[in-house]
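S.K.: Listed below are the residues making up each chain.
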Amino acid sequence: MDVVLIDDFIDPYHHLQLLESRVQKEADEKANEKREHQEVERLKVKVQKLRAKKAWLEQQLKQQHAKVLTDLDGDDNSLPDMGPQELVQLVAETQKKKFEELIQAYRLTGITVTTPEPDITRVCWDTAHKGTLCEPYYMEIQHKETLRILRHSLPYFVPLETVSQTLLNTDFKKFVASMSEYLAAYVNRRQEIVMLQKKYSDILIGEVESSHAADFVQFQLKLQPESEQIIEAKLTYEQLTDIIPTKVRIKVLLRNSANASDVTISTQDIKHYKQCFHSMELTKAVGEILD
Amino acid sequence: MAGSSEVDIFGEIQQTINEFPASESENETPGTPRRSATSITQLLGLMGREPTYRRNRKERYKLQVENLEKEIAVLEERLAYRKQEEVGKLSCKKFEKTWKRVKRLNQTSQLCGRHEEELKALREQLHELGSITGVVLKDTSCILKKISSAVVKRQHRVEGSCHGLRFELDFDITESKVSETDSSSVITRLAVEADEAVNSDLAPFIQRVEEECAIQTFLRGYVGYAEWHSQRQAMFEHLSQRHPNSVTISEGTEATQLTFSRSDQPGATFTVHWTIDISNIGKVTPKVQLVTKATRQLLKMDTHGVFARLPKRFEEKVNSHGARQATELLMIASSLNAFTKITV
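In the order they appear, the protein sequences are chains A and B. Just so we're aligned, residue -11 is where the first sequence starts under the working numbering, counting upward by one. Just so we're aligned, residue 2 is where the second sequence starts under the working numbering, counting upward by one.
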């Protein structure tokens, strides 16, 4: 076969291929350019919108609403010089915000109730330990013919079933208050343990052991950092609504190197320690013992 | 022409523009076609730099968008903070009066309808909260003090009442941002003012809750105390009105004892002491006790020891039937000559 003839055939195809890929490349470049152009235009429009929003916000900040509201709040019965629609809007919106603030303020009581849907009531129990706000607990209750608990986030040891059987459909207020009491007491006992560990870490021996419900607490502590005498305390809170222990057991232990004659804690002292635990919260009782 | 940076490009544009003839008459040689640049894009196109310029313009817009979004976020936060601050300072009670005034005006009364519906729903929600918690909140105000971007301090004042006993709380809350999604709130100061009728009774309890900034403890204890207080007041008032001749209430704004005797048997008086103790941790314990007084003569005649056993019997009745019923039963018993066993 004539090689020149084959070459004559190959070259044109090769050129055709090159042409095709060039056309494709140009088409791709054009498409990219178009996309880029559209993207730039979109960004341009976005910049314009954002500038307008910024200008509006700056204008809002400059407005003298504060003075108008203060004037309206005063004892003077005159009303500011503004259009009726604007006045109604301003006063009504402010009144709504004040009511919403009052509703929010109910969280201080530890109990808030909302109605997210017509037949669902949501109860929120906010807990606190002295001035520190702790975690909230929730419950959703459906009310059709009777009240029924749909879901909740209460700890397992709270006697929800027992209390709800007695109170949920007979005295809702008492049911809510009862749950509040259980949760407040649990958080209080738990946080007292946390405070004890934090405040007296230098005289505590090991960790403070407790049950999940913090209704049984056991710890060992030295009366002085260098002391050989150790007090072992076991506190029981018989009711889950107690925040002061109802049963207190105290033992005096000696460190390995100490002798029995090194014991200086008397029966009277132990009686005093028990009295402290019986009459005050955990951290305060330990503070009183150490004084 | 070298360089791919923005600065280089604009320098090159300038150079290119300068190379173009300023006017037809000045530099044009006859017969030579006139060249002119009508847009930067065209110039860049001639220079082969148009795609690069477009890329850089895109980056510039993106940067502008980013900066504007940051500025807007700051402005929105400032506006929200300002609005919260403005509204927070206002008194809820006073502002309700303002709303009523606005509703009465001729030009605004018709515009208020929709807003009044929404306000009514909020009032109902507040009423429900009051009945469930036993606390009726009447007014709240707040002054915001931003300390830093992560710490905000709010000074709050809350006014309310529990079963007719008013209270006022003045406290500070410091909120610190712990992470993006987490923050902690601590009450750092608390001043409590209870109703003057019970202020002295509750002084030790109030002192303790103020020291510990324990608002929840205060409210829980105060609700319990107020409930018993209102029951006691109601019982004393009811009995004194029903038996005006035989019942006397102890003096003072805070009546804690009720005394009654039979007019035909003045030798015996019965005093019901009703105290309400509140511990430092807010636990409320009512104590209802009966104290009997009888003349020596009457006691001599009481051979069955009725007077001696009465206080214990009364306590049992209080535990089973409540203080009011126990007192009424005692009054009925004493008026029906229940002590006929005492013979002269």
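What the hints contain is simulated information worked out from the structure, not anything from laboratory work. No residue lacks a Cβ here, since even glycine has one placed at the ideal position from N, Cα and C. A couple of the hints might just be wrong.
[What the hints assert, rightly or not] Reference excerpt, derived from the structure (chain B facing chain A, CB under 7 Å, subset only):
#1 LEU123
#2 VAL136
#3 THR141
#4 SER186
#5 VAL187
#6 TRP229
[Said to hold, decoys possible] Straight line, CA to CA, 30 Å or less: simulated BS3-like cross-link-like pairs of lysine-lysine:
#7 B:LYS59 to A:LYS18
#8 B:LYS121 to B:LYS101
#9 B:LYS288 to A:LYS118
#10 A:LYS85 to B:LYS101
#11 B:LYS313 to A:LYS272
#12 B:LYS139 to A:LYS85
#13 B:LYS90 to A:LYS50
#14 B:LYS146 to A:LYS42
#15 B:LYS154 to A:LYS186
#16 A:LYS118 to B:LYS154
#17 A:LYS85 to B:LYS318
#18 B:LYS71 to A:LYS50
#19 B:LYS63 to A:LYS42
#20 B:LYS71 to A:LYS32
#21 B:LYS94 to B:LYS63
#22 A:LYS85 to B:LYS59
#23 B:LYS288 to A:LYS272
[As the list claims (entries may be wrong)] Label pairs and their computed distance ranges (CB to CB):
#24 B:SER280 to A:ILE137: 47 to 57 Å
#25 A:LYS22 to B:GLU67: 22 to 32 Å
#26 A:ASP190 to B:ARG190: 39 to 49 Å
#27 A:ARG139 to B:GLN258: 41 to 51 Å
#28 A:THR103 to B:GLU117: 14 to 24 Å
#29 A:MET70 to B:GLN258: 57 to 67 Å
#30 A:VAL182 to B:SER177: 15 to 25 Å
#31 B:THR260 to A:ASP107: 23 to 33 Å
#32 B:GLU86 to A:MET70: 14 to 24 Å
S.K.: Taking the hints in turn, state whether each one holds.
M.R.: Quick rundown of the hints versus the structure:
1. LEU123: Holds, because the Cβ-Cβ distance from B:LEU123 to chain A comes to roughly 4 Å (cut-off 7 Å).
2. VAL136: holds, 5 Å
3. THR141: Hint holds; B:THR141 Cβ to chain A Cβ min 5 Å, cut 7 Å.
4. SER186: For B:SER186, the interface hint holds, since the closest Cβ of chain A sits about 5 Å away, which is under 7 Å.
5. VAL187: holds, 5 Å
6. TRP229: violated, 14 Å
7. B:LYS59 to A:LYS18: Holds, because 17 Å separates the two Cα atoms, which is no more than 30 Å.
8. B:LYS121 to B:LYS101: holds, 13 Å
9. B:LYS288 to A:LYS118: holds, 27 Å
10. A:LYS85 to B:LYS101: holds, 16 Å
11. B:LYS313 to A:LYS272: Roughly 37 Å separates the two Cα atoms, so the pair is violated.
12. B:LYS139 to A:LYS85: holds, 14 Å
13. B:LYS90 to A:LYS50: holds, 19 Å
14. B:LYS146 to A:LYS42: Judged against 30 Å, a Cα distance of about 25 Å means the pair holds.
15. B:LYS154 to A:LYS186: holds, 26 Å
16. A:LYS118 to B:LYS154: holds, 18 Å
17. A:LYS85 to B:LYS318: Judged against 30 Å, a Cα distance of about 50 Å means the pair is violated.
18. B:LYS71 to A:LYS50: holds, 19 Å
19. B:LYS63 to A:LYS42: holds, 17 Å
20. B:LYS71 to A:LYS32: The given pair, whose Cα atoms are some 17 Å apart, holds under the 30 Å limit.
21. B:LYS94 to B:LYS63: violated, 49 Å
22. A:LYS85 to B:LYS59: violated, 43 Å
23. B:LYS288 to A:LYS272: holds, 27 Å
24. B:SER280 to A:ILE137: 47 to 57 Å: Violated, since B:SER280 and A:ILE137 (Cβ atoms, about 32 Å apart) do not stay within the stated range.
25. A:LYS22 to B:GLU67: 22 to 32 Å: Once the Cβ atoms are compared, 25 Å apart, the range 22 to 32 Å for B:GLU67 and A:LYS22 holds.
26. A:ASP190 to B:ARG190: 39 to 49 Å: violated, 29 Å
27. A:ARG139 to B:GLN258: 41 to 51 Å: holds, 50 Å
28. A:THR103 to B:GLU117: 14 to 24 Å: With a Cβ separation near 20 Å, A:THR103 and B:GLU117 satisfy 14 to 24 Å, so the hint holds.
29. A:MET70 to B:GLN258: 57 to 67 Å: holds, 60 Å
30. A:VAL182 to B:SER177: 15 to 25 Å: holds, 18 Å
31. B:THR260 to A:ASP107: 23 to 33 Å: Check failed, 53 Å falls outside 23 to 33 Å.
32. B:GLU86 to A:MET70: 14 to 24 Å: With Cβ atoms ~21 Å apart, the hint holds.
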